[in-house]
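A.B. asks: Could you use the hints to bring the two separately framed chains together as a complex?
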Amino acid sequence: DAGVIQSPRHEVTEMGQEVTLRCKPISGHNSLFWYRQTMMRGLELLIYFNNNVPIDDSGMPEDRFSAKMPNASFSTLKIQPSEPRDSAVYFCASSFRAFGYTFGSGTRLTVV
Amino acid sequence: RKEVEQDPGPFNVPEGATVAFNCTYSNSASQSFFWYRQDCRKEPKLLMSVYSSGNEDGRFTAQLNRASQYISLLIRDSKLSDSATYLCVSISNFGNEKLTFGTGTRLTIIP
Numbered sequence: 001d002a003g004v005i006q007s008p009r010h011e012v013t014e015m016g017q018e019v020t021l022r023c024k025p026i027s028g029h030n031s032l033f034w035y036r037q038t039m040m041r042g043l044e045l046l047i048y049f050n051n052n053v054p055i056d057d058s059g060m061p062e063d064r065f066s067a068k069m070p071n072a073s074f075s076t077l078k079i080q081p082s083e084p085r086d087s088a089v090y091f092c093a094s095s096f097r098a099f100g101y102t103f104g105s106g107t108r109l110t111v112v
Numbered sequence: 001r002k003e004v005e006q007d008p009g010p011f012n013v014p015e016g017a018t019v020a021f022n023c024t025y026s027n028s029a030s031q032s033f034f035w036y037r038q039d040c041r042k043e044p045k046l047l048m049s050v051y052s053s054g055n056e057d058g059r060f061t062a063q064l065n066r067a068s069q070y071i072s073l074l075i076r077d078s079k080l081s082d083s084a085t086y087l088c089v090s091i092s093n094f095g096n097e098k099l100t101f102g103t104g105t106r107l108t109i110i111p
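Just so you know, the sequences run in chain order A and B.
Every letter in the first sequence is one number past the one before it in this note's numbering, and letter 11, counting from 1, is 11.
Every letter in the second sequence is one number past the one before it in this note's numbering, and letter 13, counting from 1, is 13.
Extracted from the complex, chain B is given alone in its bound form (with noise of 0.2 Å):
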């Protein structure tokens, strides 16, 4: 079993639409988690960092349930530009700086 798990998707939706995406993971003593954007053929880039008290960025909103081990991520009132993979992060170990990353979730908001 993978240490952080993503549905690859891909997810199609319309353009205006809601859409959120879960993301669980299995080390109990992870740490830290992010949710990092990936366009087509370019480097991962962090979208935002995610707190058990949920943080919101614009028209995203990030969440974790540590009970429950999952991450998720929340986009309203989609654009077109939001097409692109998601990857969903951990750190295991506090002072460890080692990423690990999910396999990714393809968005692609249709016109």
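In isolation and in its complexed conformation, chain A is listed as follows (with noise of 0.2 Å):
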């Protein structure tokens, strides 16, 4: 198995950007996280879903971001306009029922 697979690995982009954070989760998996990690804040869940439908989205920052998950095979975390305070590692993980939580390798996200 390919494990969980985001992309891009690194994002550097200015100010007032859009930019669009990619996932693919493990096949079999019904349930896909988008966390954010700072050094501040450590790992925070910004959104959650299950079998494709967002359950839990309070931990996303503002109406600057948005998640996507047309189906079972990806999902999309989008951050328009972007902001120099949105610079943080940003993880996709998927799981099936709590068990085999992987996370993927991440995407490096710079706002300059």
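Hints listed in this document are in silico derivations from the structure and should not be mistaken for laboratory results.
Every residue, glycine too, gets a C-beta built ideally from N, C-alpha and C.
Some hints could be false.
[Said to hold, decoys possible] Distance condition first, Cα-Cα at most 20 Å in a straight line; then the derived EDC-like pairs of lysine to aspartate or glutamate: (1) A:Lys-24 to A:Glu-14; (2) B:Lys-42 to A:Glu-44; (3) B:Lys-2 to B:Glu-15; (4) B:Lys-98 to A:Glu-14; (5) B:Lys-2 to A:Asp-57.
[Stated by the list, open to error] To give a feel for the contact side, a few chain A residues facing chain B, derived at Cβ under 7 Å: (6) Ser-27; (7) Gly-28; (8) Ser-105; (9) Thr-110; (10) Val-111.
C.D. replies: Here you go:
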């Protein structure tokens, strides 16, 4: 199994630009999670999907952030417009009933 | 107050020593607990689950104390390769797969 696949690995963008992060979960996993990690705040859950349906988006910082899961094998996290304080590592993870909870390698986002 | 709290460290420990971390949680409804390990610039990976009866995996022992709402991790005979950040994790509600992470404890094993 290829594991959870995220792209891009690194993204540098200018403030105000739109950023789209992508995630392919492990086949057969029915839950997908987007986390953000910073030195100050650690790992924070942004949004969680179950069977492609958003279950909990209480961690999404503000309206500039949106996430979609159009099918079981693909999800996106979009930031529009991006700001320097959005700079962080964004992780996608997938699981099947809390077992086999697996993270992708992350996307390191820098907004200048 | 964060739902899961850890001492951020750093813990600098000589090779071969025993080191222990504690983690406290505030949600008494939390059902399941885990320790994850995260290497520098890598993703978190599951180290072990934590059970009330305690569980051991080689040099690693995890323990859960529900009465005091804390979780511990003990590493015996520490190796250089144990250097990493250790994350304490809880699942709050039965049937909810959302993991809540502590901010992690950084461990460095010194030769």
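A.B. asks: Would the hint linking Lys-42 (chain B) and Glu-44 (chain A) be met if the CA-CA limit is 20 Å?
C.D. replies: Holds - the C-alpha atoms of Glu-44 (chain A) and Lys-42 (chain B) are around 16 Å apart, at most 20 Å.
A.B. asks: Closer than 7 Å between Cβ atoms is the bar; does Val-111 (chain A) clear it against chain B? Give me holds or violated.
C.D. replies: violated, 19 Å
A.B. asks: For a C-alpha distance cap of 20 Å, please report whether Lys-24 (chain A) and Glu-14 (chain A) respect it.
C.D. replies: violated, 26 Å
A.B. asks: Tell me if the interface restraint on Ser-105 (chain A) is satisfied: Cβ within less than 7 Å of some Cβ in chain B.
C.D. replies: It holds, given that the least Cβ distance between Ser-105 (chain A) and chain B is near 6 Å, below 7 Å.
A.B. asks: Measure nothing beyond the straight line between the CA atoms of Lys-98 (chain B) and Glu-14 (chain A); if it is 20 Å or shorter, mark the hint as holding.
C.D. replies: violated, 32 Å
A.B. asks: Closer than 7 Å between Cβ atoms is the bar; does Ser-27 (chain A) clear it against chain B? Give me holds or violated.
C.D. replies: Given a least distance of 17 Å, the restraint on Ser-27 (chain A) is violated.
A.B. asks: Is the interface hint satisfied for Thr-110 (chain A)? The criterion is a beta-carbon contact with chain B at less than 7 Å.
C.D. replies: Since chain B brings no Cβ nearer than about 14 Å to Thr-110 (chain A), farther than 7 Å, the hint is violated.
A.B. asks: Hold the hint about Gly-28 (chain A) up to the distance rule: shortest CB distance to chain B must be less than 7 Å.
C.D. replies: Cβ of Gly-28 (chain A) sits 14 Å from chain B, so the hint is violated.
A.B. asks: Hinted pair, alpha-carbon criterion (20 Å max): Lys-2 (chain B), Glu-15 (chain B). Please report holds or violated.
C.D. replies: Cα-Cα ~32 Å, so violated.
A.B. asks: Hinted pair, alpha-carbon criterion (20 Å max): Lys-2 (chain B), Asp-57 (chain A). Please report holds or violated.
C.D. replies: Satisfied, since the Cα-Cα distance of roughly 18 Å is no more than 20 Å.
In the structure shown, a violation is registered for the earlier hints numbered 1, 3, 4, 6, 7, 9 and 10, in ascending order.
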